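Participant: Sequence:
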Amino acid sequence: MYYGNLGSSDLEVSILAFGAWQLGDTPYWGADTQAGSEAAVQAAIDAGINLFDTAEGYGGGESERVLGRAVGSKRDKVLIASKVSASHCAPAQLRRACEASLERLQTDWIDLYQVHWPFRDVPFEAAYEELHRLQEEGKIREVGVSNFGPRDLDDWMAHGHCVSNQVGYNLAFRAIEHEVVPACLKYNAGILAYMPLFQGILAGRWAAPNAIPEARRRTRHFSSDRPGVRHGEPGCEALLFDTLSKLEDVAANLGEPLANVSLAWVMAQPGVTSVLLGARNPAQLERNLGAANLKLDEETLTQLDTATKPLKEALGKNADMWCGGQNARIR
0 MYYGNLGSSD LEVSILAFGA WQLGDTPYWG ADTQAGSEAA VQAAIDAGIN LFDTAEGYGG
60 GESERVLGRA VGSKRDKVLI ASKVSASHCA PAQLRRACEA SLERLQTDWI DLYQVHWPFR
120 DVPFEAAYEE LHRLQEEGKI REVGVSNFGP RDLDDWMAHG HCVSNQVGYN LAFRAIEHEV
180 VPACLKYNAG ILAYMPLFQG ILAGRWAAPN AIPEARRRTR HFSSDRPGVR HGEPGCEALL
240 FDTLSKLEDV AANLGEPLAN VSLAWVMAQP GVTSVLLGAR NPAQLERNLG AANLKLDEET
300 LTQLDTATKP LKEALGKNAD MWCGGQNARI R
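Just so you know, we're using numbering that gives the first Met the number 0 here: the sequence shown kicks off at 0 and counts up by one.
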């Protein structure tokens, strides 16, 4: 396992992080046993993963509860990252949200406290001042943001500071490369990449769009005629699956699972400090741990770039995976 400093902070984080959204959010991911979730966390710690990411919005706080129980006596061995919802960023609400997260996590401090999405109803300055007070009180160690585009990152940094930006990034969704990555590099904000396997689509689990669970086919890749889709765009389903076929060929030539190749590709990209990997049991985690030591050569990186460039161009600069046009939340 490799480690590096998160942005300008002293937090030394593992290249693979544990994404805990799948813990406790049964409406989205389906039922799972608490024993399996806690075993997955312990397996991650044993493998050298030290960054565990959750949010108050995951399962109505249940993800935080499960993670807190699973970490237990090993709290000093891990870094916990959580997120405050955009609707809770007024100063008084932000403080209550942070303290509620601390209680659910059964900890006295959060190592990285992130704003989950940009908000428009409270000045950034007011929210940052409250975050800074929480920092001074020792309730949080570092401030991060999530889903911030270049304009919002400029505005945020004009009034405060952040050490990271958590954004969606994978071989099938490279929109952040246009403007978000350069902004993060400009401010030395480490990139935490979520959905590196595109919720299983980049693990070769499904051969056609209709086989994918409905909740996982709401991104801008899919037709706006599908239930729950809100982007108002035609989508690019045929191009997506043509791209997946080409990626499978590259992975097969390497003798590696597509999932590991996909993870290794994200880890190799400029600005990426850590890649969030979800798992609900040790077996899911262990299948992908090999990616931590997989180094892709320049020829392979070029092949992956060529295979995914048409999809990158089709989706454009909009870094919001779910909302299109004027409704895009990342700006």
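Hints are computed from structural coordinates only; laboratory data are not their basis. Given the structure is predicted, the values throughout are model-derived calculations rather than measurements. From the three backbone atoms N, C-alpha and C, an ideal C-beta is built for every residue, glycine too. There could be a bad hint or two in this list.
[Unchecked claim] For each label pair, taking beta carbons as the anchor points, the in silico distance ranges come out as: (1) 304 with 233: 35 to 43 Å; (2) 313 with 61: 15 to 23 Å; (3) 312 with 267: 15 to 23 Å; (4) 76 with 205: 13 to 21 Å; (5) 45 with 233: 19 to 27 Å; (6) 91 with 297: 29 to 37 Å; (7) 297 with 1: 25 to 33 Å; (8) 286 with 154: 37 to 45 Å; (9) 316 with 137: 26 to 34 Å; (10) 95 with 267: 20 to 28 Å.
[To be verified] In the DSBU-like style, the derived pairs of lysine-lysine whose C-alpha atoms are separated by at most 30 Å in a straight line are: (11) 73 with 185; (12) 245 with 185; (13) 294 with 308; (14) 245 with 311; (15) 316 with 185; (16) 294 with 311; (17) 245 with 73; (18) 76 with 294.
Participant: Could you work out which earlier hints the structure fails to respect and list their numbers in ascending sequence?
Facilitator: Hints 1, 2, 4, 5, 6, 7, 9, 10, 11, 12 and 17 are the ones this structure does not satisfy, whereas the remaining hints hold.
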